[in-house]
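Visitor: Got chain A sorted already, so can you dock chain B onto it with the hints?
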Amino acid sequence: MSADDRGAVLVVEGLHKTFTLHTQGGIELPVLRGVDLVVRPGECVALSDPSGSGKSTLLRAVYANYRPQRGRILVAHDGGRVDMAGAGPRELLAVRRRTIGYVSQFLRVIPRVPTLEVVVEPLREFGVPRDLALDRGRALLTRLRIPERLWNLSPVTFSGGEQQRVNLARGFVADFPILLLDEPTASLDVASRALVVELIHDALARRAGIVGAFHDAEVREAVATRTVSLHGAGAAA
Amino acid sequence: MDADRPLLRARGVTRYYGARIGCRDVGLDLWPGEVLGIVGESGSGKTTLLGCLCGRLAPSGGTVEFTQRDGIVVDIPTLPEPALRKLARTDWGVVHQNPRDGLRLGVSAGANVGERLMALGARHYGRIRQTAADWLGRVEIDRGRIDDWPETFSSGMQQRLQIARTLVTEPRLVFMDEPTGGLDVSVQARLLDLLRRLVTDLGLAAVIVTHDLAVTRLLAHRLLVMRGGEAVEWGLTDQVLDDPQHPYTQLLVSSVLHP
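Protein chains in written order, with the working numbering: chain A, 1 to 237; chain B, 1001 to 1259.
One or more of the hints may lead you astray.
[Unchecked claim] Over 10 angstroms on every C-beta distance to chain A, these chain B residues come out as not near it, computed from the model:
no., residue
1, S1108
2, A1122
3, T1169
4, A1205
[As the list claims (entries may be wrong)] Facing chain B, from chain A, some residues (calculated, C-beta under 8 angstroms):
no., residue
5, H22
6, T23
7, A64
8, N65
9, Y66
10, R67
11, R90
12, L92
13, L93
14, A94
15, R97
16, I110
17, P111
18, L150
Hints in this document: simulated from the structure, not taken from any laboratory.
Backbone N, C-alpha and C define an ideal beta-carbon position, used for all residues, glycine too.
So here's chain A without its partners, still in its complex pose:
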């Protein structure tokens, strides 16, 4: 890590991730080969590579969902730094609870849990009192145009766009210092896309550090403060 990286919220160094498919004859799929990335507060870094080039893999590795073979993923957490590639399970869970928010294209929830509860769960885990959490949840659901009559229903049966917006509400409800956005606008209409751009601008204004894959060029141009390629020399720029 260089002196420039000191104020960064996220520093990725020499990250390697290869998948070995034991059920398919032990085929090896090298996806990340020495990726470097620095993200500072108030920055939204857009990963520009085409699909299939490892953008989701990188985001998942930063969230410690995927386990890389080599490299470091240093995250500013509770006044120190945690290496997501080497930390123990308790530390990883603490970072997810308080420091990193992750929005994927897919909503994965427990059947029967009402939408409002799904949305406020990150705040509850953070220790925010229930009433306050519910107020924030309601405000965000309203802002994302999820009709109030749906708040007490499980999102399992919602449309793709509605599920995506519930996912976004869940990701933006807590003021995480780091946000990982994996195609956050993939199944959204134009009006909803504009709302997401607004949410991202708000997060940048409170100095969050954001990394995202945005296949939608319009959204990408609206939110990215910098664009990098995982495989080019520009990755660490």
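Guide: Okay, now just chain B, sitting in the frame of chain A:
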């Protein structure tokens, strides 16, 4: 209590059945508020491991340390029987796969819940009955059924009653062996949601043995995969399920149907 000390710490836990291996050299740490899932197919040693952890089986080797409420660390396999029984009454709870193993079928639902409180010294009848009624409510059993016998309940209700009976004494660690096994899918979903809320609200730690990966996705923070008596892989639940490393775990994960 020292927050950096696990509630339960097992090292080198080994159990032979004659020459056959039940489980071999398994280690794990469990902290307050965490749910650990132990998965594997039948015969993988997961139930043997659970038995060694909760003192039901004597391991052939290894240590299982439990940190009591008073901060004193005890070794379960060498703990004298009366002390073990006291732990089971106070700090621990066990939820059996078959609710009939965890319930007393010859007394009412209310008595099933109240009995555990009385074992801890509660004597005031009105308060015990009130607490029992509250718990029936929490596990979504109509309070009007408080005087009915568990025999008249459906299997899903019996399982929820067993959970109420187990949690009423506010244990710090709960062992569950296939708690949703044998239940209809819709009943399972309801029970999982209930368990999850109770675990979060009460800050419980739990060890849950299951062959159902979907159950662990919803309930467990961490996962231990067993095969042939050995732990072959462990990690955060989503790590193990989304990025399995061991050939056996990959086979297990790729064999699950996603409806």
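Visitor: Does each hint fit the structure? Answer for all of them.
Guide: Each hint, compared with the structure:
With a least CB separation of 29 angstroms from chain A, S1108 (chain B) remains clear of the 10 angstroms interface cut-off, as annotated. No Cβ of chain A comes within 10 angstroms of the Cβ of A1122 (chain B); the nearest lies about 29 angstroms off, and the non-interface call holds. With a closest Cβ-Cβ approach of about 25 angstroms to chain A, T1169 (chain B) is found to remain outside the 10 angstroms limit, as its non-interface label requires. With a cut of 10 angstroms on Cβ distances, A1205 (chain B) stays outside the contact zone with chain A, its closest approach being about 12 angstroms.
Hint on H22 (chain A) holds. Least Cβ distance to chain B is approximately 4 angstroms, under the 8 angstroms limit. Hint status for T23 (chain A): holds, given a least beta-carbon distance of 5 angstroms to chain B, under 8 angstroms. Taking 8 angstroms as the C-beta contact cut-off toward chain B, the hint placing A64 (chain A) at the interface holds, the least distance being around 7 angstroms. A distance limit of 8 angstroms between C-beta atoms decides the matter here; for N65 (chain A) the minimum to chain B is near 5 angstroms, and the interface restraint holds.
Checking Y66 (chain A) against chain B by beta carbon gives a least distance of about 5 angstroms; that is within 8 angstroms, so the hint holds. Interface restraint check: R67 (chain A) against chain B, minimum CB-CB distance 6 angstroms, threshold 8 angstroms, status holds. Taken as an interface hint, R90 (chain A) checks out: its beta carbon lies about 6 angstroms from the nearest beta carbon of chain B, inside 8 angstroms. Proximity of L92 (chain A) to chain B holds as hinted, the smallest CB-CB distance being about 6 angstroms (cut-off 8 angstroms).
Interface hint status for L93 (chain A): upheld, as the beta-carbon distance to the closest one in chain B is roughly 6 angstroms, under 8 angstroms. Hint status for A94 (chain A): violated, given a least beta-carbon distance of 11 angstroms to chain B, over 8 angstroms. Checking R97 (chain A) against chain B: minimum C-beta separation of about 11 angstroms lies over 8 angstroms; hint violated. Here the hint on I110 (chain A) is kept, as its CB sits about 5 angstroms from the closest CB of chain B, short of 8 angstroms.
About 4 angstroms separates the beta-carbon of P111 (chain A) from the nearest beta-carbon of chain B, less than 8 angstroms, and the hint is met. At a threshold of 8 angstroms, the smallest CB-CB gap from L150 (chain A) to chain B is about 18 angstroms, leaving the interface hint violated.
Of the numbered hints given earlier, the model fails hints 14, 15, 18; all others are met.
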